[in-house]
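Number of protein chains: 4
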Amino acid sequence: MTKKTPKKVVLAYSGGLDTSVILKWLQTEYGCEVVTFTADLGQGEELEPARKKAELLGIKPENIFIEDLREEFVRDFVFPIFRANALYEGQYLLGTSIARPLISKKQIDIARQTGADAVAHGATGKGNDQVRFELAYYALEPEITIIAPWREWDLTSRTRLLEFAEQNQIPIAKDKRGEAPFSVDANMLHSSSEGKVLEDPKDEAPELVYQRTIRPEDAPDKATYITVDFEQGNPVAIDGEPLSPANLLMRLNALGKENGIGRLDLVENRFVGMKSRGVYETPGGTILHKAHRGIESITLDREALHLKESLMPKYAELVYYGFWFAPEREMLQALVDKSQEFATGQVRLKLYKGNVDVVGRTSPYSLYDKELVTFEEGAVAYDHRDAEGFIKLNALRLRTLAARKRKMG
Amino acid sequence: MTKKTPKKVVLAYSGGLDTSVILKWLQTEYGCEVVTFTADLGQGEELEPARKKAELLGIKPENIFIEDLREEFVRDFVFPIFRANALYEGQYLLGTSIARPLISKKQIDIARQTGADAVAHGATGKGNDQVRFELAYYALEPEITIIAPWREWDLTSRTRLLEFAEQNQIPIAKDKRGEAPFSVDANMLHSSSEGKVLEDPKDEAPELVYQRTIRPEDAPDKATYITVDFEQGNPVAIDGEPLSPANLLMRLNALGKENGIGRLDLVENRFVGMKSRGVYETPGGTILHKAHRGIESITLDREALHLKESLMPKYAELVYYGFWFAPEREMLQALVDKSQEFATGQVRLKLYKGNVDVVGRTSPYSLYDKELVTFEEGAVAYDHRDAEGFIKLNALRLRTLAARKRKMG
Amino acid sequence: MTKKTPKKVVLAYSGGLDTSVILKWLQTEYGCEVVTFTADLGQGEELEPARKKAELLGIKPENIFIEDLREEFVRDFVFPIFRANALYEGQYLLGTSIARPLISKKQIDIARQTGADAVAHGATGKGNDQVRFELAYYALEPEITIIAPWREWDLTSRTRLLEFAEQNQIPIAKDKRGEAPFSVDANMLHSSSEGKVLEDPKDEAPELVYQRTIRPEDAPDKATYITVDFEQGNPVAIDGEPLSPANLLMRLNALGKENGIGRLDLVENRFVGMKSRGVYETPGGTILHKAHRGIESITLDREALHLKESLMPKYAELVYYGFWFAPEREMLQALVDKSQEFATGQVRLKLYKGNVDVVGRTSPYSLYDKELVTFEEGAVAYDHRDAEGFIKLNALRLRTLAARKRKMG
Amino acid sequence: MTKKTPKKVVLAYSGGLDTSVILKWLQTEYGCEVVTFTADLGQGEELEPARKKAELLGIKPENIFIEDLREEFVRDFVFPIFRANALYEGQYLLGTSIARPLISKKQIDIARQTGADAVAHGATGKGNDQVRFELAYYALEPEITIIAPWREWDLTSRTRLLEFAEQNQIPIAKDKRGEAPFSVDANMLHSSSEGKVLEDPKDEAPELVYQRTIRPEDAPDKATYITVDFEQGNPVAIDGEPLSPANLLMRLNALGKENGIGRLDLVENRFVGMKSRGVYETPGGTILHKAHRGIESITLDREALHLKESLMPKYAELVYYGFWFAPEREMLQALVDKSQEFATGQVRLKLYKGNVDVVGRTSPYSLYDKELVTFEEGAVAYDHRDAEGFIKLNALRLRTLAARKRKMG
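Residue numbers (full-length UniProt numbering), protein chains in the order written: chain A, 1 to 409; chain B, 1 to 409; chain C, 1 to 409; chain D, 1 to 409.
Relax, there's no trap hidden among the hints.
Identical copies go unnamed one by one, so any copy, or any two together, can satisfy a pair.
Once the Cα atoms are required to be at most 25 angstroms apart in a straight line, the calculated SDA-like pairs of lysine to any residue come out as:
{"#": "1", "residue 1": "Lys350", "residue 2": "Gln91"}
{"#": "2", "residue 1": "Lys174", "residue 2": "Thr124"}
{"#": "3", "residue 1": "Lys370", "residue 2": "Leu264"}
{"#": "4", "residue 1": "Lys174", "residue 2": "Asp185"}
{"#": "5", "residue 1": "Lys370", "residue 2": "Gly90"}
{"#": "6", "residue 1": "Lys257", "residue 2": "Asp357"}
{"#": "7", "residue 1": "Lys350", "residue 2": "Tyr210"}
{"#": "8", "residue 1": "Lys52", "residue 2": "Thr28"}
{"#": "9", "residue 1": "Lys350", "residue 2": "Glu258"}
{"#": "10", "residue 1": "Lys407", "residue 2": "Ile108"}
{"#": "11", "residue 1": "Lys202", "residue 2": "Arg348"}
{"#": "12", "residue 1": "Lys405", "residue 2": "Glu303"}
{"#": "13", "residue 1": "Lys338", "residue 2": "Leu87"}
{"#": "14", "residue 1": "Lys257", "residue 2": "Lys290"}
{"#": "15", "residue 1": "Lys370", "residue 2": "Asp185"}
{"#": "16", "residue 1": "Lys314", "residue 2": "Ala334"}
{"#": "17", "residue 1": "Lys24", "residue 2": "Ile172"}
{"#": "18", "residue 1": "Lys174", "residue 2": "Arg212"}
{"#": "19", "residue 1": "Lys24", "residue 2": "Asn63"}
{"#": "20", "residue 1": "Lys290", "residue 2": "Lys314"}
{"#": "21", "residue 1": "Lys196", "residue 2": "Glu371"}
{"#": "22", "residue 1": "Lys7", "residue 2": "Pro142"}
{"#": "23", "residue 1": "Lys290", "residue 2": "Gln91"}
{"#": "24", "residue 1": "Lys370", "residue 2": "Met408"}
{"#": "25", "residue 1": "Lys106", "residue 2": "Val184"}
{"#": "26", "residue 1": "Lys202", "residue 2": "Arg406"}
{"#": "27", "residue 1": "Lys350", "residue 2": "Pro181"}
Rather than coming from a laboratory, the hints here were simulated on the basis of the structure.
The structure displayed is predicted, hence computed values, not measured ones.
One chain only, chain A, in its complex shape (with noise of 0.2 angstroms):
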């Protein structure tokens, strides 16, 4: 089976010198027509630099798309995770991961959009991402073809890529020169860091790995009290203002900032098969991820609750792979969205230096019930004695047990 000679690609274009590399060589290598997209997803980067790029680099301008893609990405993708309280070995809010999907959804989108029948992406053959963006694109168009630069060409070393576009007249930011400390990844819900500096998992992290948040050493010495209402596990204002998704998140991430809240320094196990070290800053996500916790905790069932966590991680894994597309991660998310139907309320929390705690909570559909709890026995469902039938039934099979056992003595 040869591979199709693809006429027109929709490129994963970020603006920068590594997706301008691409670029070219796709013109260069492949003689294809390129379609570039850009996407705003909050990274905190002008778009319209990428445009100019572009153009310099003789994308046609009907084939250049940019698209503000931030409140879809915070309401479809970034929501429903933390409706999950998805965690990637126990820790990883999965800021990378989940703006894979978005991203390569639109480029396929375009794709149908312009006639192209291949993609690019930008992506290296050693890390997660290639599988995000190629899952994605096969489930949303099986005949699609697509391109992976890092893994077919042979600009395999720094140097050779600066003479590619050198070569090529790509302009090179004079901080691109030389070897960077590290690499990064941004978003609206996160910024990851890895590479060089951090390739060593024995040695702390230096600060200049930090971008979006403050040293907690830094932050105020007073904490900051914020109120998080949520309807049905969305959260939906702060401090009793309401906030568009995109709005809201960025709200949170500022008090996550200034408060030095959200990093998080990992070993974490990749996809392809090796361990790999990362810093994650998710500010506005780590406020939100306790926030969210908070209401559940008096708005769940105890069992819908405990449901939900088992699959947690299997949800999270699927996330963190790639596979958003795919039916076992819709039939996850319908589980988990049917357990949110009543999980709305106020959640309010403590941010101090790094920390965020969970202080109060309300809801019009607690379940929390003081009659209930209180030590003195009310008027109440519940019987003192009816604890003795509860622990006696269950404790027979183990009453059982013991008696085999003694029995063998």
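Model the placement of chains B, C and D on the given structure of chain A, informed by the hints.
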């Protein structure tokens, strides 16, 4: 089936007012001989006063048992749950839950030794502890008679309890005269507080509730760095100094306390069916949990870790509910312990005003491989091109699904 | 907390001796008005005699409720559990378990309609059915009073029950005078038998126990072939003939019966803590289970199927224990039903002397692709060389582990 | 990274046409020394012809390895998966899957012994077996070179394969000249058939496909009764006669064969991503599976069984995918084996024309207790009234949920 009248009962006796009332009540109500058992689980109270008080209440010296269980508690109960990273409902480190099986086990041992036919505990009729005590009793001695005074007697208000105490010459400490603003359980792993001032989950827990940790705000302005050494999943040294299990946990407790670490304000779901609000302080345990995840991050295989994580909620639920001496807990422990064979090495942590962060990890058994993860392709067992095949076969079923969807179009 | 004395009670009434005694006992013991509810769940008994008997026992005509629930039972209770392939302890098709929630629901409906403040059932104090009835009552009407005569009264032997019946002019069928050799529960899905002649799990169940199926030995010597059509996981036609849910199940029951299909002799674990031995006959259900697996085998994605399979034991446990109207069951159902969207097509089965075998399956939504699976490489989306990369990356972590093992020598 | 050229390769050699072609191809294509390994796994073929053929093809006598692995296969590979009741996708007894790890392990052993630097197998590029072989190779010897001719060579049609054979003087059995109507894999546990005549899952498998079992229709008209004795989850005797693992399985195979037991026609999901249709015959295994469930039913605690059942799909998936020598499989095995400590006793089975039914079970460790389950209340540890408390506390959360629902009304 009528309840047998017990002749001799082993009471879990703290020396406090409540269990002293129970002691007397057992003597007067059941007319039976009482054996007291007082355990040192590191709760931080003198035990000799308990002996004095028992004697005062007429217990024969040979019926007074006082035991220092601290090492056994940490080694055989605390460490196993930390090997599992157990968190109930994603947050609670199980400090109270894990103490009950050990106390129960010792009561049964003493019952056998003294020929007692019953055991008694001071847990109330609405809580989890009655279940934990009694499931353990039954699992170890299936025919034992269990007396749970709080479910049986008519001393159902503070006033009546105090009256009974006065009528029976039970000394009442001054501070026990009034209604306590909350109730406390403590052992070396944690202290928990609940009731009264904590009953409305809307209100922030007042500072007076916290007993084991200083406020993060009052902790040093400079971070403390420590190392924890692990062998097969168990911590064995702090800052290079080998310590016994109990001494190690005490050291971590001191470190946690002074850095304001380990506070948790939670609404949780009890096994007996209602929600309750508690405040937990687990200073050393909070550090240990993070440290253990740190050593696992470089020494555990991905799938070993994921399997363990997926079963952790079940494991934690079992411990919380009181099924310590149940075959399913032992089966899960076998699985967990199998994974810890190489969880050996050192973790470096930063402690700062409530935060615990892993900042470094090393191990002779590390699975982290710089060569594998490095950006540039090396001589190692990773061919960039392998990723394409990996992705394509992982995508195959998604492409088939997409083709179906299109066909139906 | 004293039990409220009920004024009007809705009794699940079969018309048989036991529930007639209960009826009378409720009148005499509680002095309360009794409303009878008799349901046709396809158990194969006339219902009009129940009306006559209720009248005879003094129930007012407006307090006698008789309902044909067969279609609702199969459509809303049986089919959902078959969409999940639910098997308790790997074997039991849940025939009794699934009938209880429906009966309970109707009792609560009637209680509301007639202003009754209590419900009663005839399940014994050692079985699962009491739990199933009562969990459903409470889940639907939290303040309802529940009367479970078998746990309360002193008619604890057959002799005393018969005495009570005679004293109260309750007609006793001749064959009820003696001790029955086993007890039976039946509905359209199955019949179950337990007790007496079955009590020693060492002994083979005698043939007289079986009521719904002929012996495989007595079934036709020639196989019967049938087709079952499915739509979204529900069977809709047999041999091409569209049938309502109840009619379809009856047809399958007839086919199963005459081919000796669906017998199961089992020792199972009750929710109340002990093991029991039962004989089940589920002729149509056994065929349906196999057929449903057949349609899933070509229409469900692998991971959708595996996720569903991994949760099936939990789902079956919930149904068996009586948690039908619980949020966790509903969450799992949402997950299961999401997977059934394309479980549409036809399965062909061979029925022969106790065996049911899927011998053919087709579907407009089939994911089976001859081209993909064929030995010789074709034009399709499968490059033999992809397998190498797939294997190598899947092996990467195993190789790293092996390298560690070797290093440790 | 260029592939190293191997000097000496250990080939899994059956003596058949395909692996003989591979043998020659390795000699001619790679120019390397070939070591053949032929294993007796009870596939029912003579092994000496393989030796002759290897010699004929120029293999030095010291490079020809033939081993009888039957006891090891059954004891260390088959029995462990039966202790777990492993069924892939709810139905398949893993007969092919479980043979691969053992063959791989022996090849690696021989490679070490002979100083070979490569291994080769005859599995095709679209199947599961290539994955199973290679994951095992890598897990045992991370730096080994693997040659998978079917993925590399250009003998991609039957015609070209035969041509190559003729050109290289490889004897071709007459019946191998034409296209086989299906392909077969066999060992002591099962035989599997797939391809060609089975490729359309709509069509019933023709009788000629079945090789190990007679048609149920042709089986005796009278049932055969047998007993199987178990010790710690492993079968040790048939009809009271102690047998070695392999002899026991052979005995069960004979019993299954003559009673038409163990046929399965299945569409399953391969690890490499597509669906395939296979016909399996596992006569003895089918009996053993049922028998093992029988002994577990009286000797395993409920929660031990349920935990095991909930993990079985994962365990079976791991074995099917080829992760036998992976830590997660070993962790699950530790959990499973822990549960089998008392799975000792005797099961009586009825075999009849394709049916296997457990009709009796006994054990010195039985947890079944007639006294507990009997209808009338006895002296045992069960008070009917306990059930009320048990139900009420289990219902508490459901009542709270119902109260919320009503309040929202």
